[in-house]
Every structure is written in C-alpha cells, then in structure tokens.
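Asker: Residues per chain, in single letters:
Protein chains: 4
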Amino acid sequence: MTQTPVTQTNSQPRITVWNEYRHEKENPKVSAVYPDGIHQVIAAGLSTHGFENVHTATLDEPEHGLTGEVLDNTDVLIWWGHKAHGDVSNEAAAKVVARVLDGMGLIVLHSGHFSKVFKALMGTGCDLKWREANDKERLWVINPAHPIAQNVGEYIELEAEEMYGEHFDIPAPDELVFVSWFSGGEVFRSGCTFTRGSGKIFYFRPGHETYPTYHHTKIQQVIANAALWARPTASAPRSFGNRPEPLEPLHTQTERQ
Amino acid sequence: MTQTPVTQTNSQPRITVWNEYRHEKENPKVSAVYPDGIHQVIAAGLSTHGFENVHTATLDEPEHGLTGEVLDNTDVLIWWGHKAHGDVSNEAAAKVVARVLDGMGLIVLHSGHFSKVFKALMGTGCDLKWREANDKERLWVINPAHPIAQNVGEYIELEAEEMYGEHFDIPAPDELVFVSWFSGGEVFRSGCTFTRGSGKIFYFRPGHETYPTYHHTKIQQVIANAALWARPTASAPRSFGNRPEPLEPLHTQTERQ
Amino acid sequence: MTQTPVTQTNSQPRITVWNEYRHEKENPKVSAVYPDGIHQVIAAGLSTHGFENVHTATLDEPEHGLTGEVLDNTDVLIWWGHKAHGDVSNEAAAKVVARVLDGMGLIVLHSGHFSKVFKALMGTGCDLKWREANDKERLWVINPAHPIAQNVGEYIELEAEEMYGEHFDIPAPDELVFVSWFSGGEVFRSGCTFTRGSGKIFYFRPGHETYPTYHHTKIQQVIANAALWARPTASAPRSFGNRPEPLEPLHTQTERQ
Amino acid sequence: MTQTPVTQTNSQPRITVWNEYRHEKENPKVSAVYPDGIHQVIAAGLSTHGFENVHTATLDEPEHGLTGEVLDNTDVLIWWGHKAHGDVSNEAAAKVVARVLDGMGLIVLHSGHFSKVFKALMGTGCDLKWREANDKERLWVINPAHPIAQNVGEYIELEAEEMYGEHFDIPAPDELVFVSWFSGGEVFRSGCTFTRGSGKIFYFRPGHETYPTYHHTKIQQVIANAALWARPTASAPRSFGNRPEPLEPLHTQTERQ
Chain A
1 MTQTPVTQTN SQPRITVWNE YRHEKENPKV SAVYPDGIHQ VIAAGLSTHG FENVHTATLD
61 EPEHGLTGEV LDNTDVLIWW GHKAHGDVSN EAAAKVVARV LDGMGLIVLH SGHFSKVFKA
121 LMGTGCDLKW REANDKERLW VINPAHPIAQ NVGEYIELEA EEMYGEHFDI PAPDELVFVS
181 WFSGGEVFRS GCTFTRGSGK IFYFRPGHET YPTYHHTKIQ QVIANAALWA RPTASAPRSF
241 GNRPEPLEPL HTQTERQ
Chain B
1 MTQTPVTQTN SQPRITVWNE YRHEKENPKV SAVYPDGIHQ VIAAGLSTHG FENVHTATLD
61 EPEHGLTGEV LDNTDVLIWW GHKAHGDVSN EAAAKVVARV LDGMGLIVLH SGHFSKVFKA
121 LMGTGCDLKW REANDKERLW VINPAHPIAQ NVGEYIELEA EEMYGEHFDI PAPDELVFVS
181 WFSGGEVFRS GCTFTRGSGK IFYFRPGHET YPTYHHTKIQ QVIANAALWA RPTASAPRSF
241 GNRPEPLEPL HTQTERQ
Chain C
1 MTQTPVTQTN SQPRITVWNE YRHEKENPKV SAVYPDGIHQ VIAAGLSTHG FENVHTATLD
61 EPEHGLTGEV LDNTDVLIWW GHKAHGDVSN EAAAKVVARV LDGMGLIVLH SGHFSKVFKA
121 LMGTGCDLKW REANDKERLW VINPAHPIAQ NVGEYIELEA EEMYGEHFDI PAPDELVFVS
181 WFSGGEVFRS GCTFTRGSGK IFYFRPGHET YPTYHHTKIQ QVIANAALWA RPTASAPRSF
241 GNRPEPLEPL HTQTERQ
Chain D
1 MTQTPVTQTN SQPRITVWNE YRHEKENPKV SAVYPDGIHQ VIAAGLSTHG FENVHTATLD
61 EPEHGLTGEV LDNTDVLIWW GHKAHGDVSN EAAAKVVARV LDGMGLIVLH SGHFSKVFKA
121 LMGTGCDLKW REANDKERLW VINPAHPIAQ NVGEYIELEA EEMYGEHFDI PAPDELVFVS
181 WFSGGEVFRS GCTFTRGSGK IFYFRPGHET YPTYHHTKIQ QVIANAALWA RPTASAPRSF
241 GNRPEPLEPL HTQTERQ
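Chains as they are written, first to last, in the UniProt record's numbering: chain A, 1 to 257; chain B, 1 to 257; chain C, 1 to 257; chain D, 1 to 257.
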C-alpha cells in the first residue's frame with residue numbers, strides 16, 4: 001500500500017464555529033464588542049493562525065446550522081451558548097454528541113458548560129459558582145508540555161471577566177491545562193481535556209459576551225492550538241457486538257486440566 | 001465542637017443490592033445457580049464480610065424497589081441488570097443518577113454497563129464486544145495499592161465466563177484496578193473507578209447469570225472492598241450559583257493601574 | 001479461613017511524624033510558634049482525631065530517627081523538611097523510598113517538595129515559584145468526594161502564608177484535591193495524591209515554619225484524613241521476575257495454524 | 001509579530017534512535033534478525049513514514065553517542081537497551097533525564113523499562129514478570145482516539161514474543177493506549193504515555209531482540225505515531241524560584257480587616 005506520511009496527516013482540520021448569536025442582536029453592550037457575532041471573531045482568529053477551512057453556524061439558522069452535510073464536513077466543532085441552551089433541539093444535541101463519540105473534535109467555550117451537548121458528554125451537572133463584577137482573571141499554565149498551551153507563556157491575563165469558581169461539577173479531566181485565578185478570591189479549572197468515544201473535547205472557560213476576550217491574541221492562540229489538538233485521528237472503526245468466534249481456540253474445561 | 005474521630009467514621013455503610021431478577025424466574029439454567037436471585041447471593045457475601053445493613057430491591061417491585069425512603073437509607077447501591085434495561089423507568093434512573101451525584105456510592109456489575117444509570121453517568125455509549133462460549137477469565141490486579149484489590153492476591157481466575165472485549169466505550173477511568181485476560185484472545189478493563197459529583201462509582205465486569213461467579217469467594221471480596229470504598233464522605237454540601245459578593249475586595253481597573 | 005471483616009481493617013494506622021527540627025532550635029520567630037517543634041503540633045492534632053499510635057522522629061537523632069525498627073512499625077510517615085534536605089543521608093532516603101514502594105503511606109508537607117524522598121518518587125525536579133510576603137492563601141476543595149477533603153467545607157483560609165506558585169514541576173497527580181489561591185496573584189495545586197508501587201502519597205502544600213498553620217483546625221483535619229487514606233492495604237506481595245511456566249498451555253506456531 | 005501558523009509547526013522532529021547494540025554483535029540468533037542492529041531497522045521504519053531527520057547512536061560510541069551536540073539536535077529520543085543498562089554512565093543518564101524534563105520527547109522500548117533513564121523518570125522499580133517461550137502477543141487498542149493508535153486497526157498481533165506480565169511497577173500512566181494479551185495467560189499495559197516536566201514519554205512494550213518485531217509494519221506505524229506525538233511543544237520556558245514582587249498588591253492583615 002502507499003503510505004501516507006505520518007507527518008502530513010490532518011494538517012488542515014475543517015472547523016465549524018457555532019454560536020447561539022442572540023446576545024449580540026439584543027444587547028447593545030454586546031454588539032459593541034462583537035458587532036458581527038462572537039463566532040466571526042473566533043473564526044477570524046483561526047484564519048490568522050493558518051486555518052483555511054473555517055465556517056460558522058448559529059442557533060437560529062435552519063437545524064441550528066448543523067445539518068448532516070455541515071457535520072459531515074466538520075472535523076472540529078467550537079461551541080458558544082449561554083441564554084438559550086433550551087432552544088437547542090434535543091435532536092440536534094443528540095446528533096452532535098453522536099458525532100463527537102465518532103471522532104469529531106469539540107471545543108466548548110465559557111457558558112457552554114451548561115449546554116445540552118456538554119452535559120450529556122460529561123454525565124454530571126456541570127454547575128459552578130459565578131459572579132459578574134469585572135474580576136481580573138489570570139489563567140496559569142499548569143501543563144507546559146501540552147500542545148494546547150503552546151506559545152502563550154506562563155499565564156494569560158484578562159483585565160476583566162466574569163468569575164467562575166470551584167467546585168466545577170465535571171468528571172476529573174484527562175488533562176488539566178489551565179487553572180484560573182480571580183481577583184475576588186476564587187480559582188477554577190479553566191482548561192480541561194476529555195476523551196469521549198473517539199472524540200477529543202476541550203473545555204475553555206473565558207469569554208463572557210460583554211468582554212472583548214475573543215479579540216485577545218493569546219485567547220485566539222489557545223483556541224487555534226485546541227483546534228489542531230482536537231482534530232480526529234485515523235482511528236480504527238468503532239466495532240462492538242457479538243464475537244461468536246474466538247480469536248484463539250477455546251479448550252473445554254476437561255482439556256485444560 | 002465534639003470531634004468525631006476520623007478513624008471511626010462510616011464503618012458500616014447501608015447497602016442496597018438491586019437486581020433485575022428476571023432471568024432467575026424464567027430460565028431454569030439460571031435459577032439452578034441463583035435459586036433466590038443474584039441479589040441474595042451478593043447480599044449474603046456482604047454479610048460474610050461484616051456488613052450489617054444490607055437490603056435488596058428488584059425491578060418488578062413498586063417503583064422498582066427504589067422509593068425515596070429506600071434511597072434515603074442507601075449509602076451504596078449495587079446494580080445488576082441485563083435484559084430489561086428498557087423497563088427501568090426514566091424517572092427511576094434519573095433519581096438514582098441524582099443520588100449518585102449527591103454522594104451515594106454505586107457499584108455497577110457486568111451487563112449493568114448498558115443500564116440507563118451507568119450510560120447517563122458516563123456520557124458515552126458503553127458498548128463492547130462479547131461472546132458466550134465458556135471462555136476462561138483471569139482478572140489481573142493492575143493497582144495493588146488500591147483498597148478494592150485487597151486480599152485477592154495477584155489475580156482472580158474464573159473457570160468459565162462470558163467474554164467482554166475492548167474497545168470498552170467508557171471515559172478513561174480515574175483508576176484502573178483490574179484487567180481481564182480471556183482464553184479466546186481478548187482483554188478488558190474489568191475493574192474501573194470513576195468519581196461523578198460527590199459519588200464514587202466502581203464498574204466490575206464479571207457475573208454473567210449462567211455462571212456461579214457471585215458465589216466465588218474472591219468476587220465477594222472485591223464487592224465488599226468496593227462497598228467500603230464507595231461509601232459517601234462527609235463532604236461539603238454541593239454549593240453552586242451566583243456569588244455577587246467577592247471574597248476579596250475588587251479594585252477597579254483604574255485603581256489597579 | 002477466618003474472615004477479617006472488611007469494615008474493621010486498619011482502623012488504627014501507626015504514624016511517624018518526621019521533622020527536620022532545626023528552624024525551631026535556631027530561629028526565635030519559629031520557636032515562638034512551635035516551641036516543641038512542628039512535629040509535636042502535628043502529632044497532637046492527630047491524637048485529637050483519634051489516632052492512638054503516633055510517634056515522632058527528627059533529623060538529628062541517630063539514623064535521623066528512622067531505624068529499621070521504627071520503619072517496621074510505621075504505616076504512614078509524615079515528612080516536614082526545608083533547609084537541611086542535603087543532610088538527610090542518601091541511605092536513609094533510599095530506605096524510605098523503598099518502604100513507600102512496599103506500601104508505607106507518605107504525607108509530604110510544604111517544603112518537603114524538595115526532599116530527596118519526594119524527588120526520587122516523583123522523577124521530576126519538583127521546583128516551583130515562591131514568595132515570603134504574608135500572602136493570604138485560600139485552599140479550594142476541587143474534589144469534594146475525596147476522603148482527604150472530608151469535614152473541611154468548601155475551602156480553607158489561611159490569613160498569612162508563604163506563596164507557592166505554578167508551574168509546580170511534578171507528574172500530573174492521580175487525584176487533585178485542593179487548589180490554592182494566593183492574594184499576590186498565583187495559584188497552586190496544593191493537595192495532590194500519587195500512588196507509587198504499593199504506597200500512597202499525599203502532598204499537602206501549607207506549613208511555612210514562621211506561621212501557625214499546623215495549629216489550624218482544618219489543616220489538622222486534612223492531615224488526619226490523609227493519614228487514614230494513606231494507610232497500607234492488604235495487597236498482594238509484590239511479585240516479579242521470570243515465570244518460565246505459562247499459566248495456560250502454549251501451542252507452537254504450527255499447532256496454531 | 002509574524003505569526004507561525006499553528007498548522008505548520010514541528011512537522012519534522014529530529015529523531016535519534018539509541019540502541020545498546022550488543023546482542024546483535026554477540027548472538028548469531030539476533031544478528032540473523034537485525035544484521036545492522038535494531039536501531040537501523042527502527043530508523044528505516046521512520047524514514048518510510050516520512051521522517052527526514054533520523055539519526056542513530058549506540059552505547060559503545062564515545063559518550064554513548066549522546067554528546068551535547070547530538071542532544072541539542074534531538075527532538076525525540078528512542079531508547080532500546082537490555083543487558084547493559086549498568087554500562088550507561090550515570091552522567092549520560094542524568095543528561096538525558098534533564099533533556100526530557102526540558103522538553104525532549106522520549107520513546108522507551110521493551111526492556112528499556114529497566115534503563116537508568118526510565119527508572120529515574122518514573123520513580124518506581126519498573127519491574128514486571130517475564131517469560132521467553134514464544135508466547136503469542138496481541139496488543140489491543142484501548143484508546144482509539146489517541147494519535148499513537150492511528151492506522152493500526154483494532155489490535156496488533158505478534159506471532160511470537162517474550163511475555164511481560166502485570167504487575168508492571170510504574171506510576172499510573174497519563175494515558176493507556178495499548179493492553180497486551182499473551183497466550184500463556186497474562187496481560188500487560190504495553191502502551192503508556194507519561195508527561196514529566198516539559199517532556200512527553202511513551203513506553204512501548206514489544207521488541208525482544210530475538211524476534212523480528214521491529215520489521216512489523218504496524219509496530220513501525222506505532223513508533224512513527226509516537227515520534228510525532230512526543231515532539232516538543234513551544235512551551236513557556238520553565239521558570240522557577242523566588243518571586244519577591246507579587247503580581248497583585250498585597251494588603252496587610254489590618255487593611256484586609
């Protein structure tokens with residue numbers, strides 16, 4: 001067979017940035033920061049980092065913009081939602097969960113912790129403490145060897161953000177990449193990886209809609225790093241069920257004695 | 001305050017052994033092995049190991065035997081189900097999941113991997129490969145320091161069992177305690193711990209209904225070890241939501257500069 | 001055989017509190033806080049929590065107080081050291097490491113992160129950032145289900161402590177129990193569990209010698225919780241080496257075809 | 001600043017394949033399988049997979065072939081050793097360990113589990129059970145989402161190999177990629193990842209010197225996958241030590257009250 005060189009595989013994942021896109025249309029404070037929507041700023045940041053196949057989808061498009069065709073052409077899905085988690089249909093949420101288990105990467109941002117998709121994949125309540133009071137946030141790199149932490153230095157500082165505090169009701173992450181310090185006195189596991197089925201998931205905390213967080217160079221860097229990390233691998237087809245024929249000859253109990 | 005000595009806490013968890021209890025009533029081959037039901041053999045094993053508060057509940061009792069009062073008095077729930085996962089009401093399953101997140105221990109046995117409760121807590125498909133062909137199974141202790149592996153030696157050997165093979169579609173367990181070898185050529189992560197919310201979960205593979213597995217001394221030992229390990233801790237109340245008052249004084253951006 | 005009830009095993013581990021015990025003899029600021037040494041305050045705290053077999057040992061005793069007989073009678077060793085790590089003989093350190101791998105529990109406190117014992121068991125540099133400036137420290141419970149976090153509430157607050165900041169150069173802990181917030185802007189993984197061989201290890205950050213940290217009720221509670229958690233299990237003897245006789249009959253390649 | 005596109009970083013790691021290279025010169029049975037040494041076969045496999053910067057080094061070269069210049073130009077080091085672990089100088093071993101902590105990737109093969117380098121990085125004894133009896137080995141993929149498991153299907157089958165059996169005395173790996181089944185009745189965690197400092201480590205079990213294991217296409221695939229996975233990230237410089245100036249203003253205890 002012809003060998004695809006390991007070093008050239010999957011260098012350009014196809015990315016879909018999904019956004020609830022309601023705050024921006026309803027709240028002037030938000031549209032001042034994200035006039036074309038949070039998704040457009042995230043997509044632009046990915047282009048800056050060399051990704052060429054970046055598309056967007058939003059809640060109020062038909063099928064929430066997540067048609068079978070769109071998902072068929074998505075290697076990594078980025079998810080931002082907040083006030084309208086309940087408006088995402090159960091069918092769409094189930095479809096996304098199934099795709100993740102089959103290998104699609106998923107990056108869940110900020111208040112997406114309460115989305116149907118993330119909660120189903122975690123199996124826990126995903127609740128936390130929060131405060132909107134312009135806390136300063138400092139995201140410390142806990143795992144400097146992790147590809148998601150590349151090129152961000154020792155920490156990322158955000159002058160003002162919503163506070164999220166522990167206890168964050170998630171399963172212990174496979175890898176803890178960032179921990180946030182908040183000026184009001186709390187900490188939070190703000191960068192967490194999970195594997196579910198064949199899919200890689202990264203939860204990244206920052207990004208309240210009233211702050212310019214997604215314009216921040218280092219935040220864009222982390223999302224770009226995560227998009228590359230979360231792309232599907234050329235894994236074996238997921239194969240389950242009855243295997244009546246053993247791989248090795250079974251011997252009767254008598255024979256074994 | 002009066003100090004409860006650390007060394008005396010929680011020595012006698014209240015255990016409920018839940019069983020689907022249908023195979024035993026319908027299949028003579030099963031009732032020959034478990035005439036009073038799998039749950040009775042498991043409960044008797046626990047008594048042998050010094051547990052004094054052991055009760056049972058089964059699918060066809062009112063509310064599947066899992067009333068609020070029963071759950072209020074359960075520190076650790078043991079779950080065996082196979083052919084009737086669909087007959088467990090969504091309400092009962094959701095109630096059990098909520099209790100686990102609030103701290104109730106859960107031990108899921110064998111084909112319970114496909115129960116509504118376990119699948120919801122894992123967030124994955126929980127599928128696997130299987131074969132009913134009298135494979136020999138040998139469960140190797142991978143983590144000899146783990147309290148669940150106490151007093152079982154280097155491995156447990158079961159002369160004949162159903163085979164379960166990888167890939168087992170679960171999240172990476174917090175701790176891997178046992179890995180099974182099967183004579184037909186497969187391996188399986190057969191003893192896995194998970195923490196979800198305040199609840200500790202142990203999945204333990206063996207126990208197909210046609211084999212005398214739960215009569216086996218070492219299998220009883222593992223279940224007893226797990227029941228002690230999974231008992232609730234005196235943890236902080238799970239506390240989430242808005243915290244408008246910071247713990248430390250917030251300074252305005254101007255003040256900070 | 002006579003069954004030892006699972007519920008009664010190991011309720012009273014034998015604990016040795018080891019202390020460098022030099023600051024207290026040389027620095028009046030320290031002896032004002034710990035006139036009889038840090039070890040005595042820790043030992044007294046354990047007694048308060050019901051432990052009856054608590055002994056102490058210090059660096060300047062013969063063999064550093066860690067004779068074979070002492071170690072033979074130690075289930076859990078607690079370690080505080082700071083300025084004299086180099087004065088611990090390589091032989092003593094190697095002896096302790098070997099005991100841990102064979103099942104002795106180990107609780108490493110504060111500046112013990114740089115001890116020969118901890119570094120050898122971690123395999124990394126164990127370095128970190130630090131500052132002596134009376135930072136406030138708040139240790140948040142990250143894993144409320146963990147037995148080491150029992151009875152401490154949502155967090156522990158220390159009015160003044162030395163700061164330790166990330167990156168903390170350790171392997172990813174098996175379980176992360178506490179994360180510290182410091183008023184100066186840093187975070188730290190301040191409660192970490194590890195298993196090495198048959199031994200359980202807990203690293204716990206607080207306790208600079210000039211602060212009354214070990215007099216704090218909740219700090220004593222954590223150490224008591226950890227001592228119970230770290231006690232040895234009745235695990236299989238560690239058994240390695242050549243196994244010329246297979247457990248199952250090997251078939252020649254020809255037979256298998 | 002000019003942005004290096006995320007998608008183009010590090011596509012060609014510089015690899016050094018280190019081999020003890022003594023069996024091949026002393027044992028005709030081994031030289032029949034690896035006439036130019038195990039390292040040459042591994043290097044050739046990497047070239048097949050598109051790696052262009054592959055070099056080799058062996059024990060009996062000056063400085064074991066691991067001069068400062070060689071290590072300066074090594075992103076990923078592959079290590080095969082068996083009978084002469086003791087002949088590797090402590091200085092060379094310490095140098096390699098330091099490089100790994102600073103970010104160099106390390107792939108440890110087969111009997112390299114007992115090398116000075118691996119033991120120092122693990123902090124445990126790294127012992128195991130073994131048998132030379134032509135066991136069949138089947139390496140099952142446990143984590144199909146992992147990049148190291150790409151393109152190998154559900155399992156890898158080796159017709160004859162040395163057996164390694166649990167308990168394998170290592171810390172719990174960060175990720176478990178493969179578990180081996182042996183025809184003689186044992187299992188083994190045969191593909192394990194670890195992060196130590198900024199370095200990524202992969203232990204891969206197969207490869208006894210008398211078998212043609214490294215000629216096997218899928219084994220070569222795994223090593224190529226691992227070499228790409230283990231390459232250094234553009235992480236922050238490891239920065240430790242005293243930080244007398246806090247990042248945030250500290251308030252005196254009085255001010256805080």
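By construction, these hints were calculated from the structure, which means they are not laboratory data.
Take these hints with a grain of salt, some might be off.
No copy is singled out in the list; a pair is fine if it fits within one copy or between any two copies.
Claimed, not checked - Taking lysine to aspartate or glutamate and the DMTMM-like style, the derived pairs with C-alpha atoms no more than 25 Å apart in a straight line are: (1) K29 / E245; (2) K129 / E61; (3) K25 / D174; (4) K129 / E91; (5) K116 / E91; (6) K218 / E245; (7) K116 / E175; (8) K83 / D60; (9) K218 / D102.
Asker: Does each hint hold? Answer for all of them.
Answerer: Outcome of the hint check:
Taking identical chains as interchangeable, the C-alpha atoms of K29 and E245 lie at most 25 Å apart only when they sit on different chains, with a minimum of 23 Å there against 64 Å within one chain. In this assembly of identical chains, K129 and E61 lie within 25 Å of each other by CA distance neither inside one copy nor across copies; the values are 32 Å within and 40 Å between. Taking the shortest Cα distances, K25 and D174 never come within 25 Å of each other, neither inside one copy (37 Å) nor across copies (43 Å). Taking the closest pair of Cα atoms, K129 and E91 never come within 25 Å of each other, the shortest separation being 29 Å inside a single copy and 28 Å across copies.
With identical chains, the CA atoms of K116 and E91 are at most 25 Å apart both within one copy (10 Å) and between copies (18 Å). For the identical chains of this complex, K218 and E245 are inter-copy neighbours only, at 24 Å across copies versus 53 Å inside a copy, given an alpha-carbon limit of 25 Å. Proximity of K116 to E175 under the C-alpha cut-off of 25 Å is restricted to the intra-copy arrangement: shortest distance 22 Å within a copy versus 27 Å between copies. With identical chains, the CA atoms of K83 and D60 are at most 25 Å apart within one copy only, with a shortest distance of 13 Å there and 41 Å across copies.
Taking the shortest Cα distances, K218 and D102 sit within 25 Å of each other only across copies (23 Å), while inside one copy they are farther apart (30 Å).
Checked against the numbered hints above, the structure violates hints 2, 3 and 4; every other hint is satisfied.
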